[in-house]
Each structure stands twice: as C-alpha cells, then as structure tokens.
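Starting from the given sequences, assemble the full structure and let the hints guide the process.
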Amino acid sequence: MDISPGIFLAGIVASAAPLVLAALGETLTEKAGVINLSLDGAILLSAMTGFVVAARTGSPAVGFISAAGTGMLVALILVVVSIYLGQSQVAVGFALTFLCRDLAYFLGAPFARTAGPQLSIVPVPILSDLPVIGPLFFQHSLIVYTSFAAIPLLWFFMYRTPQGLILRCVGENPEGCWARGIRPRKIQTMYTLLGGALIGLSGAAFSLAIKPGWGRPQGCEGMGWIALALVIFGGWHPLRVAFGAYLFGFLQMGGILLQDVFPAIPAPIFQVAPFPLMIFTLVLVHLGRNNTGRKRLLLRLLSGDPPDALGKNYRQA
Amino acid sequence: MKSNSIYFRAGSATLQSIPILVLAAASVSLFLFALDFSPFAIIRAMAAGSLTSWLKFSQLLSIWVPLLLCSCGLLFTFKAGLWNIGIEGQVVMGAIAATTILRLNPTSLPPVFTIIVAMLAACVGGSLWGLLVGILKNRGGVNEIFGGLGLNFVAQGIILYLIFGPWKRAGIASMSGTDIFARDLWLPMPVGWRVAPAALVTAVCAFALTWLLLSHTRFGLRVKAVGLNPEVSRLFHINPDRYGLFAIMVGGALAGLAGGLQVTGVYHRLIPAISSGYGYLGLLVVMLANYKSLPVPLITLFFAWLAAGSIQLPIMLQIDSSLSGVIQGACVLSALLVHGLRKQRKG
Chain C
1 MDISPGIFLA GIVASAAPLV LAALGETLTE KAGVINLSLD GAILLSAMTG
51 FVVAARTGSP AVGFISAAGT GMLVALILVV VSIYLGQSQV AVGFALTFLC
101 RDLAYFLGAP FARTAGPQLS IVPVPILSDL PVIGPLFFQH SLIVYTSFAA
151 IPLLWFFMYR TPQGLILRCV GENPEGCWAR GIRPRKIQTM YTLLGGALIG
201 LSGAAFSLAI KPGWGRPQGC EGMGWIALAL VIFGGWHPLR VAFGAYLFGF
251 LQMGGILLQD VFPAIPAPIF QVAPFPLMIF TLVLVHLGRN NTGRKRLLLR
301 LLSGDPPDAL GKNYRQA
Chain S
1 MKSNSIYFRA GSATLQSIPI LVLAAASVSL FLFALDFSPF AIIRAMAAGS
51 LTSWLKFSQL LSIWVPLLLC SCGLLFTFKA GLWNIGIEGQ VVMGAIAATT
101 ILRLNPTSLP PVFTIIVAML AACVGGSLWG LLVGILKNRG GVNEIFGGLG
151 LNFVAQGIIL YLIFGPWKRA GIASMSGTDI FARDLWLPMP VGWRVAPAAL
201 VTAVCAFALT WLLLSHTRFG LRVKAVGLNP EVSRLFHINP DRYGLFAIMV
251 GGALAGLAGG LQVTGVYHRL IPAISSGYGY LGLLVVMLAN YKSLPVPLIT
301 LFFAWLAAGS IQLPIMLQID SSLSGVIQGA CVLSALLVHG LRKQRKG
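Chains as they are written, first to last, in the working numbering: chain C, 1 to 317; chain S, 1 to 347.
Because the hints were derived from the structure by calculation, they are not lab data. Check the hints yourself; a few may be wrong.
Short, incomplete list of chain S residues facing chain C, as computed with Cβ under 8 Å [said to hold, decoys possible]:
id, residue
1, Y280
2, L284
3, M287
4, L313
5, Q328
6, L337
7, H339
Ideal placement from N, C-alpha and C gives every residue a C-beta, glycine not left out.
Here's what the structure looks like:
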C-alpha cells in the first residue's frame with residue numbers, strides 16, 4: 001500500500017478529532033470529581049441527533065448545536081440522579097450508557113443509511129500552502145480545528161486561571177471548598193454539563209465529519225470507552241490525554257500500514273495495543289509512588305493521580 | 001421473628017418495587033405514544049414472538065441461561081463492593097478456554113468427557129481473567145473499573161487474533177468465526193428445542209449455589225462484610241483484598257462458564273461477538289435487583305423476554321428491535337431515581 005507520510009499523518013490528526021473532544025470533555029468532568037460513565041452511549045445518541053437535525057435543517061451547524069445539547073441533557077440526568085439524589089455515579093452512568101445507545105438506534109432507525117450533509121474542508125488561507133505543516137494542520141474541517149484549539153484552551157483554563165483552580169479544588173477536596181465559600185455541587189454541575197457538551201460535539205464530529213452518516217453500526221461504537229480509558233492513560237492531564245488520543249489514532253491507522261510490514265499479525269492487535277499500555281502505565285505509577293531517586297523524574301512524566309474525590313457524591317450540609 | 005422471614009422480606013421487596021415498575025412503564029408508554037406507536041400492540045407482538053410455542057419459549061431460555069450465569073457472577077463481586085466491568089472479558093476468555101479444549105478433541109476420550117473438561121476450562125479461563133483484574137487492583141493500585149475495561153479490550157483483541165490467525169477457518173478467515181466443531185461436541189439438544197437441557201440445568205444450579213453461598217455460609221457473610229466496610233472487616237481478621245479476589249474469581253468462573261456454554265451449546269464455534277453483551281446486561285440486571293439475589297432469576301427472565309420478543313418487532317410492526325434495550329435502560333434508571341428519591345426523603 002502506498003500512502004505518502006503527509007496524508008497518513010493528516011488522516012490521523014483528523015480521525016482523532018472526535019476522540020480528542022470526548023476525552024477532553026471527560027477530563028473536565030472528572031477533574032471536578034464526577035465520573036461520567038455514560039460517554040459511550042451519549043456519543044452515539046448525539047451522533048444520531050446531530051445527523052438527523054443536520055439532515056432535516058440542511059445545516060451542519062444546527063446539527064452540532066443540537067448534538068452538544070443532547071450531550072448536556074444526558075449529563076444533566078447524571079447530575080440530578082447522582083449528585084443531587086445520592087445514587088452511585090458509576091451506576092447511573094452505566095445505566096445511561098445503555099439507555100442512550102439503544103435510544104439512538106431506536107430513534108435513528110428511520111434515518112439509517114439516508115443521505116445527509118457533511119462538513120466541508122476549509123483550508124486556512126496562506127498557512128495551508130506551507131509544505132508538510134500545511135496539509136497536516138490547515139486543510140481540515142472546522143470541527144478538527146476546534147479540537148486543535150480545545151487542547152491548549154482547556155489546559156490554560158485548568159492550570160492558569162482562578163476558575164480552573166476552583167475546578168481542580170472541587171475534584172480534590174469538596175469539603176474544603178465548601179468551607180472556603182465555594183459550592184461544590186454547583187461547580188460540579190457546571191463542569192459536568194460543559195463536559196457533556198464536548199462529548200456531544202464529539203458525537204456530531206463522527207456523524208457529520210469523520211464517519212459521515214447514520215446507521216447501525218455507525219462506526220463510533222466503543223469510542224466512548226476508549227475516550228474513558230484515554231483519560232486514565234493521560235493521568236487526568238489535558239495535554240497528555242490529547243497525546244493519548246493521537247497515539248490511539250496513530251495505532252489505528254498504523255495497523256493498516258503495519259499489516260504490510262508484519263503480515264503475520266492481524267490488524268486488530270494494533271488497535272488494542274493502547275490498552276495494555278494504559279494498564280502498564282497505571283501500575284508503574286502506583287509502584288513508583290513510594291520510590292525515591294532518579295526513577296522519579298520519568299515517573300512524574302508518566303504519572304497522574306485521579307482527583308481525590310472522584311466518583312464520591314458530595315453531601316452538602 | 002416474622003419480619004425476618006423470607007416471605008415477609010420478599011413481600012416488602014415486591015411492594016417497594018411497585019413505584020419503579022409504574023414509573024418505568026409510564027415513561028416508556030408515554031415515549032411510545034409520543035412516537036405514535038401503540039404499547040399494547042408492541043406487547044402483543046413481543047408475546048407472540050416469544051411465548052406462543054415451546055420452540056419460541058426455549059429460544060427465550062437460551063438467552064436466559066448466559067444472562068443468569070453472568071448475573072450470578074456479578075452478585076458475588078457486587079456483594080464484595082467491586083464493579084466488575086471486566087465481566088465481558090471474562091466471558092470471552094471462558095469461551096476461548098473452552099474452544100481450546102474442544103479443538104484438541106482427543107478422539108480416544110468419550111465426547112461427554114471432553115465437553116465437561118471444556119466447561120471446567122471455561123470456568124478456569126474466566127476465573128484467571130478475573131484474578132488479573134483483582135491482582136491489578138490489590139497490587140498495582142489499578143481501580144477495577146479501569147483495569148476491567150482495559151482487559152475487556154485486550155480479550156477482544158485476543159479473540160480476534162485467534163479467529164483471524166491460528167484458528168482461522170479453512171480457506172479464508174472471516175468475522176463469522178472458526179470452523180464448526182464436530183457434531184458430537186455439541187451440547188445435546190432434543191428436537192424442537194432451542195436450548196440445551198444441560199445448559200438450563202447448569203444455570204439453575206449455579207443460581208441455587210450462588211444464593212446458598214451468599215446468604216447461608218460464612219464465606220458469603222465475609223464477602224458481604226468486606227463489601228459493606230473493608231476497614232471493620234479487617235478488625236474481624238477478614239482480609240478485604242483476599243475476599244475481593246475470591247469474589248472476583250468466583251464471578252469470573254461463572255462468566256467464563258457462560259462463555260463456554262455459548263460455544264458448545266449455541267454457536268458450536270467461536271465467533272468474535274461470543275459474549276453478545278450479556279456481561280454488561282447482567283450489570284443492569286443486578287442493579288435493577290438492587291444488588292439482591294432473589295429477584296435475579298425473575299429479572300433475567302423479563303430481560304430475556306424483552307430481548308427474544310423484540311426480534312419479531314421489525315417484521316411484525318416495522319419497529320426497531322433496539323426497543324428492548326430502551327425498556328431495560330428505562331427500568332434501571334427508574335429504579336435509581338426511585339431509590340434516590342426515597343433516600344432524599346429519609347434525609
């Protein structure tokens with residue numbers, strides 16, 4: 001198979017865009033101390049909503065907005081039943097995953113394999129003519145540019161602004177925040193909804209740009225679980241999470257190429273490679289926690305602890 | 001005395017579940033009315049598709065068997081306070097272990113013996129895959145949800161590798177699975193049945209054993225103690241890590257057995273989607289049962305009815321079969337909502 005390296009890399013960058021959005025949305029949610037396990041179903045449901053609305057209105061933009069709304073609605077149910085009614089976040093998220101998945105297939109069945117709009121490629125003037133970098137970064141659709149922008153923006157917001165500090169504090173120590181006059185539940189609700197919106201955008205990015213169309217299967221099944229795993233792999237840090245998403249994209253695309261190099265190994269092996277890697281990283285992080293000395297620097301680069309209050313509902317007095 | 005009797009508890013549990021059923025039925029019906037479907041026609045079609053003949057009902061039971069086995073396995077892990085999301089991987093590894101034995105097919109031994117050994121291998125396969133999750137949690141500090149999730153993908157990779165690699169069908173490898181086993185390695189099935197009687201008996205025995213172990217033995221009590229409060233159980237010289245491992249290994253063995261039975265009893269070969277999502281569905285079942293054992297056979301039967309009945313919907317009413325999943329999800333979400341509201345009222 002002959003593919004020029006430029007096109008290959010541009011393909012990875014584009015196909016990883018929805019994964020970047022979903023994983024960043026989940027990072028935001030989990031940093032505030034909430035696990036949104038509904039990811040996989042929510043992506044599928046918003047992919048369906050985005051596609052159907054865009055097909056009906058003829059406008060992909062309206063499709064993206066309605067998909068983000070769908071993601072927020074799912075997040076809202078999670079927030080109400082878990083944070084406000086005290087049910088396990090894992091349980092609610094899990095039930096929502098399956099409800100949303102089947103709801104998407106059920107409601108989307110009449111629209112399966114119908115024609116619909118799709119985001120066009122918008123090259124950035126001047127920049128897209130640059131050699132190598134041009135095709136790699138500046139000849140994509142708008143949602144891919146959004147995924148580029150989201151990475152540094154989210155990092156800056158989380159680590160360089162006062163609001164970001166509050167967000168991280170709520171995830172680590174909600175009682176402490178309450179004592180300092182911050183309402184943990186309000187903050188958690190806000191960021192879970194915002195994360196839900198990003199997850200929704202990721203769904204529409206699949207059905208309107210990366211894997212255009214709707215059907216059963218759509219092609220984005222399982223991506224939510226992967227995004228969830230990427231958040232852990234990336235140690236709850238937006239830059240590393242995004243790196244993980246591109247690594248996954250590389251391994252997925254690479255599987256097609258590497259198959260020519262190693263014909264004995266079936267392609268699916270390359271696609272599951274990130275997962276043992278993820279588990280291995282987590283074990284390394286755990287084992288290295290008490291060690292001292294030179295090992296520590298390498299581990300610090302790899303490691304990342306989950307927010308302390310992750311998954312625990314804060315019971316407001 | 002009376003308030004402790006099993007009948008009294010069953011009665012009060014039934015009463016408590018009425019609001020859940022009403023809420024789930026009302027929300028699904030409203031949803032269907034809004035889409036201009038008649039819930040009554042749907043129920044009639046689903047009953048016609050699954051209850052009108054023994055052939056159809058035995059089809060329903062063939063879904064009930066793996067679902068009940070997975071749910072039983074999950075009862076152990078939930079009681080120990082673990083979220084065994086890795087159950088899908090355990091089903092897959094059980095199926096792979098069983099296939100390994102069946103492919104060897106030592107002709108010198110009677111086939112019944114080979115099948116029994118294959119089923120034991122399935123238990124061991126699922127159990128070891130569960131053990132891996134447990135060790136990762138205890139020794140590696142990897143939360144069982146994340147470890148299990150990762151291992152599910154790994155198991156999926158292994159099964160695809162085997163089907164497309166060493167075990168590929170003579171000629172061309174395909175998603176339709178490995179070669180079909182010799183006929184004497186199939187679980188025997190009477191004419192007019194869709195479920196192997198041996199599989200049915202296994203599932204019923206597994207449930208009886210689960211219930212006995214969990215509610216009538218010291219082992220069950222210790223598992224529950226670990227789940228309720230690991231710190232206090234330590235004071236009673238119960239090692240929470242060790243009992244967590246026991247629970248996940250028993251759970252994995254039951255999940256693996258489900259995978260093994262799917263291989264010998266249903267598909268007669270190894271296919272990529274061998275778990276059919278029964279592991280994940282089992283999680284919903286046990287959540288709906290509010291983590292108790294006794295409602296599980298009924299709920300699994302209900303879920304199996306929804307799954308079997310909905311297969312007919314596209315043909316009879318042009319309704320997508322994913323409706324069954326919508327109803328199952330709505331039931332669990334209603335249960336969580338009702339439990340939450342009750343908790344809120346108690347303060």
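Against the structure, the hints come out as follows:
{"no.": "1", "hint": "Y280", "result": "holds (7 Å)"}
{"no.": "2", "hint": "L284", "result": "holds (6 Å)"}
{"no.": "3", "hint": "M287", "result": "holds (6 Å)"}
{"no.": "4", "hint": "L313", "result": "violated (10 Å)"}
{"no.": "5", "hint": "Q328", "result": "holds (7 Å)"}
{"no.": "6", "hint": "L337", "result": "holds (6 Å)"}
{"no.": "7", "hint": "H339", "result": "holds (6 Å)"}
In terms of the numbered hints stated before, the structure departs from hint 4 and from no other.
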